[in-house]
Amino acid sequence: MDRLFNLLSQSIRAVRAFKMRTFFCLLSVALGIASITTIVAATEGAYKKALDIVERFGPDALLIFGGGEEARAVGQRQKTITLADVEAIKQAFDSAYMVVPMTSIGNITVSYKNKKYQTRIIGSTSDYSHVWTWPVIQGSDFTEEDVRGLQNVGLIGQHVVKELFGEEDPVGKYILVNRIPVEIVGVLIERGTSPTGVLLDDRIILPITTVMRKLQNETQYVSALRVRFYDQKNLYYYVEELRSFLRNRHGIPPEDPDDFTIISPKEIIKFLVALTGSLVAFLGVTGVISLIVAGFVLANLFLLSVQERRQEIGIRRAAGAKRRDILVQFLGESVIITTSGGIAGFLVAFAGKELLTLIAEFPIEFSWKAFAAGLFLSWVIGIGFGLQPAKRASDLNPIEAIRG
Amino acid sequence: MEDIKKTYIMGNQHVEVLKGINLNIEKGEFISIMGTSGSGKTTLMNIIGCLDVPTSGRYILADREVSRLTDDELSVIRNEHVGFVFQNFYLLPYATVLENVLLPTLYIEHQMDGSDKRARELLKLVGIEKRARFKPNQLSGGEQQRVAIARALINNPELVLADEPTGQLDNKTTEEIMNILTTMNKQGKTVVLITHDATVAGYAEKVVHIQDGIIIELP
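So the sequence lines, in the order shown, correspond to chains A and B. To convert, note that position 374 of the first sequence is 374 in this note's numbering; the numbers rise steadily by one, no gaps. Heads up: take any position in the second sequence, counting from 1, add 404, and you land on this note's numbering.
Hints were generated in silico from the structure; no laboratory data involved.
To give an idea of the chain A side of the interface with chain B (calculated C-beta under 7 Å), a few residues:
| id | residue |
| --- | --- |
| 1 | D2 |
| 2 | N6 |
| 3 | E312 |
| 4 | I315 |
| 5 | A319 |
| 6 | G320 |
| 7 | A321 |
| 8 | K322 |
| 9 | I399 |
Virtual Cβ for every residue (Gly too), placed ideally from N, Cα, C.
Excised from the complex, chain A in its bound form (with noise of 0.2 Å):
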């Protein structure tokens, strides 16, 4: 133990004293090491996120819009799904404690005394706010009757509020909607924006048959539906159930796709993982290209640093060094390089996040685990790389070795 401390200590005394070969090995390192925590930690706050996400939204929730796959995007998707449906889901899941069917519509005009905005309008449920987890801090949900009645009443998201509104208080107030007058009976908490870059708190919510009936037209027809079941940990099981339950309904050939896509928590984090994906891949490859350069610019100098330190190596031979002892010093030094080169890296991915969360909203998350792939990657370039210098080092015939 005393003489591996003593092999280490003469290590770092080498690491200080040959300062240009510390300085280019710690660079390279770096550099590699700083991308490589950093798509550890992106990875990981996508997770982060995406379970962030599924938390808030429900984990035991699945949503159902009508359409394939293949039309997703808003105000593109085919209308499948009835209100006939969503009394059948009813009737048939006693597993599902909600079901909250949502229509949807764009761009429309509001005003409020002077001041007019584009929004968008949800009809839905008195269950709404709840069925998203989404809860009112001003006024109250409107009601079952409110519903039933197809009453001009509605919930407002912060962002119109501030549109709107500014700082006056909009519970109680009447707004314009396609010149309808609606009442203000509950404002929404702040949301903030989904991850596809939607400002979610960018809409307004009315009784689903006032949206259907007075705006729509529609008598059918809605956009989505939201479930939440009581048992969570059978949700996959509910899925395909659900999916058979409505391909039957719709009347749907075994050969043909679904005409209605079912969104589960399992596919949000699928979703936002992918979102990150490539700004791992990009990472991933300079990282790993980086820390091959590293290793070979260590290996390169640590190779010249054996032919420059010949004599060294022979004093050390003549003075009762073993050539494990001269392999252990070469092999410290190197790794006490990379191991800082490791650090630093770290470091520099630190101050590099606040960088990309500039430009991007990257979900960032640094943790142990960043810190422990460094450094254990950081070991592996010294050893890998190191060892062969060192074999070398260690190899010398003292008598050449002493004559310089």
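Given chain A, put chain B in place with the hints provided.
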């Protein structure tokens, strides 16, 4: 030392550098080995110092046959029994004087305390205790050689092997260095001095000459 032979293979040629050396060095002796360059004296020194092994023959150092030992075993022998003093001093340029003196203690099999104190005592003995924190390039040649002598003595070896220790030094410094070596010898060290300089060789109690790989008697 009996019938030591050393053959180098250069390409397909066998070059016999030492052609059968018989030499007995008593404990506590001060002996000079003289010879011109190419006479084989450096090869002989390498073998005496356990930096190299002979092709054939027997070499017994401190009651131990060392001519067939492994590389690791030779390292231990060098560490414990031999102190080297070289013509070019061979100090580590990036280490301080004190660190240079302590170098052999790093490789001791069983570490012991007090090396630092001992190193300072040795520096005092060779007269440069005030330079302990200096780097070798801040010292004169004579001072560097004193550091090298202190380093050679730090592990308390029986044998001090000096290869042209004064080759780089002027006459006055040569005298000082030789006096230090003589003092070491008086304190019980076996000193083997390798040189081509008759004046320097004269400090020793016994002088042997080597020529063309064998020890010759001078007329």
